[in-house]
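Participant: The whole structure should be built from the sequences, with the hints applied where relevant.
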Amino acid sequence: MSKEWPLWEVFIRGQHGLSHRHVGSLHAPDAEMAVKNARDVYTRRNEGQSIWVVEARHVTASNPSDKGPMYEPSESKVYRHPTFFDIPDDAGAM
Amino acid sequence: MSALYEFCLRMGDSTLVLGHRVSEWCGLAPVLEEDIALANTALDLIGQTQLWLGLAAEVEGSGKTADDLAFLRDVWDFRNALLCELPNGDFGQTLMRQYLFDEWHLGMLKALQGSSDDRVSAIADKAVKEASYHLERSRDTVIGLGDGTEESHARMQAALDYLYPYVGEFFIADALDDAAAKEGIAPELNSLKAGYDAAIAATMNAATLTLPESKFAHKGGRTGRTHTEHLGHMLTNMQWLQRAYPGASW
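Sequence lines, in order, name chains A and B.
The first sequence begins at 1 in my numbering and counts up by one.
The second sequence begins at 1 in my numbering and counts up by one.
Treat the hints as calculated values from the structure; they're not laboratory data.
All values derive from a computational prediction rather than experimental measurement.
Every residue, glycine too, gets a C-beta built ideally from N, C-alpha and C.
A couple of the hints might just be wrong.
[What the hints assert, rightly or not] Straight line, CA to CA, 20 Å or less: simulated EDC-like cross-link-like pairs of lysine to aspartate or glutamate:
| hint | chain 1 | residue 1 | chain 2 | residue 2 |
| --- | --- | --- | --- | --- |
| 1 | A | Lys36 | B | Asp44 |
| 2 | B | Lys129 | A | Glu47 |
| 3 | A | Lys3 | B | Glu151 |
| 4 | B | Lys126 | B | Glu58 |
| 5 | A | Lys3 | B | Glu150 |
| 6 | B | Lys219 | B | Glu169 |
| 7 | B | Lys219 | B | Asp178 |
| 8 | A | Lys36 | B | Glu130 |
| 9 | B | Lys126 | B | Glu136 |
| 10 | B | Lys215 | B | Asp174 |
| 11 | A | Lys36 | B | Asp140 |
| 12 | B | Lys219 | B | Asp161 |
| 13 | A | Lys3 | B | Asp90 |
| 14 | A | Lys3 | B | Asp147 |
| 15 | B | Lys129 | A | Glu32 |
| 16 | A | Lys36 | B | Asp35 |
| 17 | B | Lys110 | B | Glu136 |
| 18 | A | Lys3 | A | Asp30 |
| 19 | B | Lys110 | B | Asp197 |
| 20 | B | Lys182 | B | Asp117 |
| 21 | B | Lys219 | B | Glu188 |
| 22 | A | Lys3 | B | Asp35 |
| 23 | A | Lys36 | B | Glu136 |
| 24 | A | Lys36 | A | Glu9 |
[To be verified] Quick look at which bits of chain A chain B covers, simulated, 3 or more residues with Cβ under 8 Å:
| hint | stretch |
| --- | --- |
| 25 | 17-29 |
| 26 | 40-49 |
Facilitator: Okay, structure coming up:
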């Protein structure tokens with residue numbers, strides 16, 4: 001068994017209404033200690049209202065070598081951006 | 001000397017001395033996360049020291065500052081509990097000392113929130129949140145290491161055996177403690193004991209550690225009658241700069 005603590009990814013929500021953002025990672029023996037360590041490492045300057053941690057091995061990532069089939073097909077589909085509508089003046093800012 | 005002045009020294013010297021001890025880990029803790037956590041704890045304690053010694057200086061009324069009290073008094077003038085000045089030892093011993101302190105500290109601060117002196121209750125209101133977190137962290141670590149590997153268990157039991165005889169001092173009142181209680185500044189020290197004993201019994205049980213049977217208590221730190229040989233060494237380090245370069249600031 002490895003003596004190294006598992007790696008955790010840390011997500012912090014800065015204020016109400018915003019979403020949690022990935023801020024970094026750290027090591028901890030379990031989930032509770034990961035939250036505490038995240039509090040001590042990443043919220044020292046009043047950055048946080050809420051913390052999520054997830055063990056890094058539970059994150060499934062896309063494969064960088066699949067970049068072509070994964071992302072390039074959407075490059076040519078400009079019609080998916082809702083930029084072709086004329087907004088009536090009295091609708092105001094959207 | 002007034003009961004309030006003496007009480008502020010007893011609180012502020014304990015947080016100062018423990019804060020300095022904990023800061024000695026800075027850059028040396030076993031893992032980065034613990035290093036930062038210990039530094040945070042040390043800074044909280046030093047911050048509380050500024051409030052307690054600031055109030056002590058104000059009450060004393062001769063124009064001294066919190067810094068004067070921290071850096072220009074000698075060892076026999078310190079009023080910290082002996083537990084706070086004991087050496088760090090290994091990481092487990094440091095966390096056991098922290099836990100034994102935090103459990104008392106939080107109970108004391110909660111009682112002080114109802115102090116008859118508004119300045120005391122204001123300090124307690126601020127410090128109680130910090131102490132709650134310190135306790136949560138130190139308790140979890142004591143349980144984790146106590147109920148951990150054979151080696152961590154043995155180290156934590158040795159730390160408890162070494163440190164436990166120093167906790168009794170927190171509950172032994174002298175005339176000044178009695179005067180502070182009478183004026184409503186602070187609680188009767190003994191009134192915190194039952195809660196403390198129950199809490200540490202539960203924690204040690206979860207940590208699979210055995211509380212020593214002996215009720216012998218080292219004392220003398222809070223009254224200033226006698227300190228351990230460790231405090232003087234710590235102060236030579238902590239006070240060196242102000243002693244060598246009086247009035248130096250940045």
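Participant: A separate judgement is required for each hint: does it hold in the structure or not?
Facilitator: Quick rundown of the hints versus the structure:
Between the alpha carbons of A:Lys36 and B:Asp44 the distance comes to roughly 16 Å, so the proposed pair stays at or under 20 Å and holds. For the proposed pair B:Lys129 and A:Glu47, the alpha carbon gap of about 17 Å is at most 20 Å, so the pair holds. Distance restraint check for A:Lys3 and B:Glu151: the Cα-Cα separation of roughly 13 Å lies within the 20 Å cut-off, and the hinted pair is therefore satisfied. Restraint check for B:Lys126 and B:Glu58: satisfied, since their Cα atoms lie roughly 19 Å apart, inside the 20 Å limit.
Of the supplied pair hints, the one linking A:Lys3 and B:Glu150 holds, its CA atoms being roughly 14 Å apart against a limit of 20 Å. About 5 Å separates the Cα atoms of B:Lys219 and B:Glu169, which keeps this hinted pair within 20 Å; it holds. A C-alpha spacing of about 17 Å is found between B:Lys219 and B:Asp178, which places the hinted pair at or below 20 Å, so the restraint holds. A distance of roughly 13 Å separates the Cα atoms of A:Lys36 and B:Glu130; the hinted pair therefore holds under the 20 Å criterion.
Restraint check for B:Lys126 and B:Glu136: the C-alpha separation of about 17 Å stays at or below 20 Å, so the hint holds. Restraint check: the Cα-Cα separation between B:Lys215 and B:Asp174 comes to about 19 Å, which is no more than 20 Å; the hinted pair holds. Under the criterion of a C-alpha separation no larger than 20 Å, the hint pairing A:Lys36 with B:Asp140 is consistent with the structure, at around 10 Å. With a CA separation close to 16 Å, the supplied pair B:Lys219 and B:Asp161 stays within the 20 Å bound.
Among the hinted pairs, A:Lys3 with B:Asp90 is consistent with the structure: their alpha-carbon atoms are about 19 Å apart, no more than 20 Å. At roughly 16 Å between alpha-carbon atoms, A:Lys3 and B:Asp147 fall within 20 Å of each other, so this suggested pair holds. The hinted pair formed by B:Lys129 and A:Glu32 meets the criterion: a straight-line CA distance of about 19 Å does not exceed 20 Å. Simply put, A:Lys36 and B:Asp35 have alpha-carbon atoms about 13 Å apart, close enough for the 20 Å limit, and the pair holds.
Simply put, B:Lys110 and B:Glu136 have alpha-carbon atoms about 15 Å apart, close enough for the 20 Å limit, and the pair holds. Of the pairs offered as hints, the one joining A:Lys3 and A:Asp30 holds, with about 13 Å between alpha carbons and a cut-off of 20 Å not exceeded. Note on B:Lys110 and B:Asp197: the hinted pairing holds, with a Cα-Cα distance of about 16 Å set against a maximum of 20 Å. Our distance criterion of 20 Å between C-alpha atoms is met by B:Lys182 and B:Asp117, whose separation comes to about 12 Å.
The straight-line distance between the Cα atoms of B:Lys219 and B:Glu188 is roughly 17 Å, inside the 20 Å bound, and the hint therefore holds. Of the supplied pair hints, the one linking A:Lys3 and B:Asp35 holds, its CA atoms being roughly 18 Å apart against a limit of 20 Å. Distance restraint check for A:Lys36 and B:Glu136: the Cα-Cα separation of roughly 9 Å lies within the 20 Å cut-off, and the hinted pair is therefore satisfied. Taking the CA atoms of A:Lys36 and A:Glu9, the gap is about 13 Å. The hint holds against a cut of 20 Å.
Check on the stretch 17-29 of chain A: 4 of its residues sit with their Cβ under 8 Å from a Cβ of chain B, so the three-residue criterion for coverage holds. With 3 residues carrying a beta carbon less than 8 Å from a beta carbon of chain B, the stretch 40-49 of chain A meets the three-residue requirement, and the given coverage holds.
The structure shown violates none of the earlier numbered hints.
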